[in-house]
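Listed in order, the protein sequences are those of chains E and G.
Quick note on numbering: the first sequence equals residues 29 to 145 in the working numbering.
Quick note on numbering: the second sequence equals residues 169 to 281 in the working numbering.
FYI, nobody ran anything at the bench for these hints, they're computed from the structure.
The beta carbon of each residue, even a glycine, is placed where N, CA and C say it ideally should be.
A couple of the hints might just be wrong.
Below 25 Å or equal to it, Euclidean Cα-Cα: the simulated DSS-like pairs (lysine-lysine) are [what the hints assert, rightly or not]:
{"#": "1", "chain 1": "E", "residue 1": "LYS99", "chain 2": "E", "residue 2": "LYS46"}
{"#": "2", "chain 1": "G", "residue 1": "LYS220", "chain 2": "G", "residue 2": "LYS236"}
{"#": "3", "chain 1": "G", "residue 1": "LYS220", "chain 2": "G", "residue 2": "LYS268"}
{"#": "4", "chain 1": "E", "residue 1": "LYS98", "chain 2": "G", "residue 2": "LYS268"}
{"#": "5", "chain 1": "E", "residue 1": "LYS85", "chain 2": "E", "residue 2": "LYS98"}
{"#": "6", "chain 1": "G", "residue 1": "LYS228", "chain 2": "E", "residue 2": "LYS31"}
{"#": "7", "chain 1": "G", "residue 1": "LYS268", "chain 2": "E", "residue 2": "LYS31"}
{"#": "8", "chain 1": "E", "residue 1": "LYS81", "chain 2": "G", "residue 2": "LYS268"}
{"#": "9", "chain 1": "E", "residue 1": "LYS31", "chain 2": "E", "residue 2": "LYS83"}
{"#": "10", "chain 1": "E", "residue 1": "LYS83", "chain 2": "G", "residue 2": "LYS268"}
{"#": "11", "chain 1": "G", "residue 1": "LYS228", "chain 2": "E", "residue 2": "LYS99"}
{"#": "12", "chain 1": "E", "residue 1": "LYS46", "chain 2": "E", "residue 2": "LYS83"}
{"#": "13", "chain 1": "E", "residue 1": "LYS85", "chain 2": "E", "residue 2": "LYS46"}
{"#": "14", "chain 1": "E", "residue 1": "LYS81", "chain 2": "E", "residue 2": "LYS31"}
{"#": "15", "chain 1": "E", "residue 1": "LYS46", "chain 2": "E", "residue 2": "LYS81"}
{"#": "16", "chain 1": "E", "residue 1": "LYS85", "chain 2": "G", "residue 2": "LYS268"}
{"#": "17", "chain 1": "G", "residue 1": "LYS268", "chain 2": "G", "residue 2": "LYS245"}
Some chain G residues well away from chain E (every beta-carbon gap over 12 Å; in silico) [unchecked claim]:
{"#": "18", "residue": "LYS228"}
{"#": "19", "residue": "GLY229"}
{"#": "20", "residue": "VAL279"}
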Amino acid sequence: DVKVTQSSRYLVKRTGEKVFLECVQDMDHENMFWYRQDPGLGLRLIYFSYDVKMKEKGDIPEGYSVSREKKERFSLILESASTNQTSMYLCASSLDFRGTTGGNTIYFGEGSWLTVV
Amino acid sequence: GNSVTQMEGPVTLSEEAFLTINCTYTATGYPSLFWYVQYPGEGLQLLLKATKADDKGSNKGFEATYRKETTSFHLEKGSVQVSDSAVYFCALGGSGGYQKVTFGIGTKLQVIP
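Build the full structure now, drawing on both the sequences and the hints.
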C-alpha cells in the first residue's frame, strides 16, 4: 500500500515563526502536492511538484514556499506564520500524469493541523 | 477552467436510507472523475473513479456513473450505515500533462442510527 507520511499531526506556532511541514511518500511517485483544507472552502492547492527540484504554484501560493530535494520528500515552508494560515494541511502524491488521461489516483497523508497564535 | 460543483451539506440520513450526492463538472476534453472520502480525523482516500464516459465506478456499495451528456458524476448508495458518516469529495482529473486535479467543496454526510 502507498503510504504518505506527514511528520506532525498537530502543531502550535507563534505569529512570525518559520514553520516546516514535512512529507514523505514510499511509492516512488513523481508528483507531490500540498493542499490546505478549510471549512466551507474545501481543498485548495498550494504548490505541487512533478519532479525533484521542480515546483509549480497552485491556487494559493502566497505566504508559502516548498522544497523537493529528494523524490520521496516534499516540504512546505511558512516563512513567517500568520493567524490566517491556521488550517489543516494535506500532503499527497501520485504517479506522473503525463501521457495519461489524468486518471491516476492521488494518495493523501493524514493531515497536519496547524494553529498559529 | 475546470470546476466541480457539489452541495456542502450536511446531509443527514437515517441508517439504511438511500444516498445521492450530486456532482456536476465543467471541463475541456475528457477528464477522469473521482470520489474521495474523508473519515473524521483522517486524510482523503479514493472511493471510486471513472476514466471515460459511461464508465461506472463502484466500491463498498457506492457507485457513480460518468455522464458526459449531463456533465455529472453523482454518488449513490442503496443503504447507508453509520460508518459511512464522512465528508465526500468529487474531483476532476486533468487530461494528462501537469494539469492539476480539481476538487469540489466536499459534502458532509451524517448517518444516524
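Hints, verified against the model:
1. E:LYS99 to E:LYS46: Holds, at about 23 Å.
2. G:LYS220 to G:LYS236: holds, 9 Å
3. G:LYS220 to G:LYS268: Satisfied, since the Cα-Cα distance of roughly 18 Å is no more than 25 Å.
4. E:LYS98 to G:LYS268: Roughly 21 Å separates the two Cα atoms, so the pair holds.
5. E:LYS85 to E:LYS98: holds, 19 Å
6. G:LYS228 to E:LYS31: Distance ~21 Å between G:LYS228 and E:LYS31 Cα, so the pair holds.
7. G:LYS268 to E:LYS31: holds, 21 Å
8. E:LYS81 to G:LYS268: Answer holds: E:LYS81 to G:LYS268 is near 18 Å, not above 25 Å.
9. E:LYS31 to E:LYS83: holds, 21 Å
10. E:LYS83 to G:LYS268: Distance of about 13 Å is within 25 Å: holds.
11. G:LYS228 to E:LYS99: violated, 33 Å
12. E:LYS46 to E:LYS83: holds, 20 Å
13. E:LYS85 to E:LYS46: holds, 20 Å
14. E:LYS81 to E:LYS31: Given that 25 Å is the threshold and the Cα spacing comes to 21 Å, the pair holds.
15. E:LYS46 to E:LYS81: Roughly 21 Å separates the two Cα atoms, so the pair holds.
16. E:LYS85 to G:LYS268: Holds - the C-alpha atoms of G:LYS268 and E:LYS85 are around 11 Å apart, at most 25 Å.
17. G:LYS268 to G:LYS245: violated, 28 Å
18. LYS228: Nearest chain E Cβ is 15 Å from G:LYS228, so the label holds.
19. GLY229: holds, 20 Å
20. VAL279: holds, 20 Å
Hints 11, 17 from the list above are not met by this structure, while the remaining hints are.
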